[in-house]
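Dock chain B against chain A, hints included.
Protein sequence lines correspond, in order, to chains A and B. Residue numbering for the first sequence follows numbering that gives the first Met the number 0, starting at 0 and increasing by one per position. Residue numbering for the second sequence follows numbering that gives the first Met the number 0, starting at 0 and increasing by one per position.
Hints are computed from structural coordinates only; laboratory data are not their basis. Don't take each hint at face value.
[Stated by the list, open to error] For each label pair, taking beta carbons as the anchor points, the in silico distance ranges come out as:
{"hint": "1", "chain 1": "B", "residue 1": "R32", "chain 2": "A", "residue 2": "I112", "range": "38 to 46 Å"}
{"hint": "2", "chain 1": "A", "residue 1": "T43", "chain 2": "B", "residue 2": "G76", "range": "38 to 46 Å"}
{"hint": "3", "chain 1": "B", "residue 1": "S57", "chain 2": "A", "residue 2": "M0", "range": "27 to 35 Å"}
{"hint": "4", "chain 1": "A", "residue 1": "A120", "chain 2": "B", "residue 2": "L22", "range": "25 to 33 Å"}
{"hint": "5", "chain 1": "B", "residue 1": "L22", "chain 2": "A", "residue 2": "P44", "range": "40 to 48 Å"}
{"hint": "6", "chain 1": "A", "residue 1": "S38", "chain 2": "B", "residue 2": "Y155", "range": "27 to 35 Å"}
{"hint": "7", "chain 1": "A", "residue 1": "D105", "chain 2": "B", "residue 2": "Q53", "range": "26 to 34 Å"}
[To be verified] Mimicking BS3-like on lysine-lysine, the simulated pairs with C-alpha atoms at most 25 Å apart in a straight line are:
{"hint": "8", "chain 1": "A", "residue 1": "K35", "chain 2": "B", "residue 2": "K131"}
{"hint": "9", "chain 1": "B", "residue 1": "K130", "chain 2": "B", "residue 2": "K88"}
{"hint": "10", "chain 1": "B", "residue 1": "K130", "chain 2": "B", "residue 2": "K217"}
{"hint": "11", "chain 1": "A", "residue 1": "K180", "chain 2": "A", "residue 2": "K117"}
{"hint": "12", "chain 1": "A", "residue 1": "K47", "chain 2": "A", "residue 2": "K128"}
{"hint": "13", "chain 1": "A", "residue 1": "K47", "chain 2": "A", "residue 2": "K35"}
{"hint": "14", "chain 1": "B", "residue 1": "K44", "chain 2": "B", "residue 2": "K88"}
{"hint": "15", "chain 1": "A", "residue 1": "K8", "chain 2": "B", "residue 2": "K131"}
{"hint": "16", "chain 1": "A", "residue 1": "K35", "chain 2": "A", "residue 2": "K128"}
{"hint": "17", "chain 1": "B", "residue 1": "K88", "chain 2": "A", "residue 2": "K35"}
{"hint": "18", "chain 1": "A", "residue 1": "K35", "chain 2": "B", "residue 2": "K44"}
{"hint": "19", "chain 1": "A", "residue 1": "K117", "chain 2": "A", "residue 2": "K128"}
We put the CB at the ideal spot given by N, CA and C, even for glycine.
If you want the building blocks of each chain, they are given just below.
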Amino acid sequence: MPQPLNYLKETASQTAGPYVHIGLIPAMAGFDIFEKNFSNVLVTPNTKGERITLEGRVLDGTGTPLRDVLLEIWQANAAGRYNHPADRSTGALEEEFRGWGRAGSDFDSGLVIFETIKPGAITDKAGRKCAPHVNVWIVARGINIGLNTRLYFSDEEAANAADPVLNLIEQPARRSTLIAKRSERAGKVVYSFTINLQGPEETVFFDV
Amino acid sequence: MNAQAPALQDPRLNRPEPFASPLGDGGFFQRDRSIHPPAHAPGYKSSVLRSPRQALLSLENSVSEITGPVFGHNDLGPLDNDLIRNYAKDGDPVGERIIVHGRVLDETGRGVPNTLVEFWQANAGGRYRHKKDTYLAPIDPNFGGCGRALTDDTGYYYFRTVKPGPYPWRNYVNSWRPAHIHFSVFGSGFAQRLITQMYFEGDPLIPVCPILTTIPDKDALDRLVAPLDLNASTPFDSLAYRFDIVLRGQRSTYFENRTAGN
Chain A
0 MPQPLNYLKE TASQTAGPYV HIGLIPAMAG FDIFEKNFSN VLVTPNTKGE
50 RITLEGRVLD GTGTPLRDVL LEIWQANAAG RYNHPADRST GALEEEFRGW
100 GRAGSDFDSG LVIFETIKPG AITDKAGRKC APHVNVWIVA RGINIGLNTR
150 LYFSDEEAAN AADPVLNLIE QPARRSTLIA KRSERAGKVV YSFTINLQGP
200 EETVFFDV
Chain B
0 MNAQAPALQD PRLNRPEPFA SPLGDGGFFQ RDRSIHPPAH APGYKSSVLR
50 SPRQALLSLE NSVSEITGPV FGHNDLGPLD NDLIRNYAKD GDPVGERIIV
100 HGRVLDETGR GVPNTLVEFW QANAGGRYRH KKDTYLAPID PNFGGCGRAL
150 TDDTGYYYFR TVKPGPYPWR NYVNSWRPAH IHFSVFGSGF AQRLITQMYF
200 EGDPLIPVCP ILTTIPDKDA LDRLVAPLDL NASTPFDSLA YRFDIVLRGQ
250 RSTYFENRTA GN
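One chain only, chain A, in its complex shape (with noise of 0.2 Å):
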């Protein structure tokens, strides 16, 4: 017998189940208990770049919005930078902005909404530019382990073009399934969404 390895196995995934917001946005379920709450804000006045809102639907293989998902996203500043100690780029840090929020559905019309910056473009390990990003994670009654995915800004053509994970996506078509499109409306700069789970435009979604 050789060496035995000694991993441990990774703990399995199990379902958010339809009342996540208890534990991860107790308003939504309907009451208040903590003294501080993690939002779908992720600015502050303070924060640097381009206001943006997000706003999207997750649709199920009918076409039909969840009303029960939860999202994440999690993102760099405007400089490019994520605010954790394993990103030795040289953008400039802002304490202030962690770079992270989540939001639920909206229970009647399924719109998730995050009022955030635009992310700068990330340089990964091999120096190679990528493309402005959001990574977004999925959970939700039904779901069996999170989804990732990623969503990238309309306004970005040459960069997206450019970008080494959408270039990983074997069918053309598919890249637009990661790809926000910019509005304007009251003056407010929106990137909309709409993530597939299923059908002929499912959303590309990573294996991290």
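Leaving out everything else, chain B in the frame of chain A:
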């Protein structure tokens, strides 16, 4: 172009970087999906329309995956890990008083320090404090049903609560969830993000639960079942259950200069 520096004869012989430890790049071990429930698990009916059908696109970990949000004690309140007191209005909640404790580890066996663990559950009668839960069991006025903790330097966490009750749900006509507590764990990078559920040793509903049995691996299922831990019980007060949580291993070691997660 102007005069160039002379080209290296063989750039492979002139690498500026010393050969680094294979465990030093901060990436995570590839996820072993055979121990997780598949996205499409027809016995759990809600998964049918909510499961991607295309293959996941495998990504080498980049800085976007090995980084993740950092939390601190400033994010928490003093009662956040005490579900017996954090929503009490005029007394303690009804139910078996229990302590749940354990460590958050990664697959190398190292504790994951200073990571956020969040938990939520039904009350002792199996009713959730949630505007969408309509089960006939009563709400407990003194029980909110959620809490959170940061692991210490060794990855240890603990909280106090009442044991949740089983409850019926719409899958088959007579489907009941075993008693369980939901857990959300972050780890040091966003690729370690995990939500799971803890079950209780000896619960006869475990082998017939359509959600729990989505897990194809018997050992992986057993690892979601917390044993009674009399050593951590408080005499004349609370029983204890032990629940360790393992996140994906990280390719960084204590021998490196400071790297992610250390």
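Tested hints:
no., hint, verdict
1, B:R32 with A:I112: 38 to 46 Å, "violated, 31 Å"
2, A:T43 with B:G76: 38 to 46 Å, "violated, 20 Å"
3, B:S57 with A:M0: 27 to 35 Å, "holds, 31 Å"
4, A:A120 with B:L22: 25 to 33 Å, "holds, 29 Å"
5, B:L22 with A:P44: 40 to 48 Å, "holds, 42 Å"
6, A:S38 with B:Y155: 27 to 35 Å, "holds, 28 Å"
7, A:D105 with B:Q53: 26 to 34 Å, "holds, 27 Å"
8, A:K35 with B:K131, "holds, 23 Å"
9, B:K130 with B:K88, "holds, 19 Å"
10, B:K130 with B:K217, "violated, 35 Å"
11, A:K180 with A:K117, "holds, 13 Å"
12, A:K47 with A:K128, "holds, 21 Å"
13, A:K47 with A:K35, "holds, 23 Å"
14, B:K44 with B:K88, "violated, 38 Å"
15, A:K8 with B:K131, "violated, 35 Å"
16, A:K35 with A:K128, "violated, 36 Å"
17, B:K88 with A:K35, "holds, 19 Å"
18, A:K35 with B:K44, "violated, 36 Å"
19, A:K117 with A:K128, "holds, 16 Å"
Going through the hint list in order, the structure does not satisfy hints 1, 2, 10, 14, 15, 16, 18.
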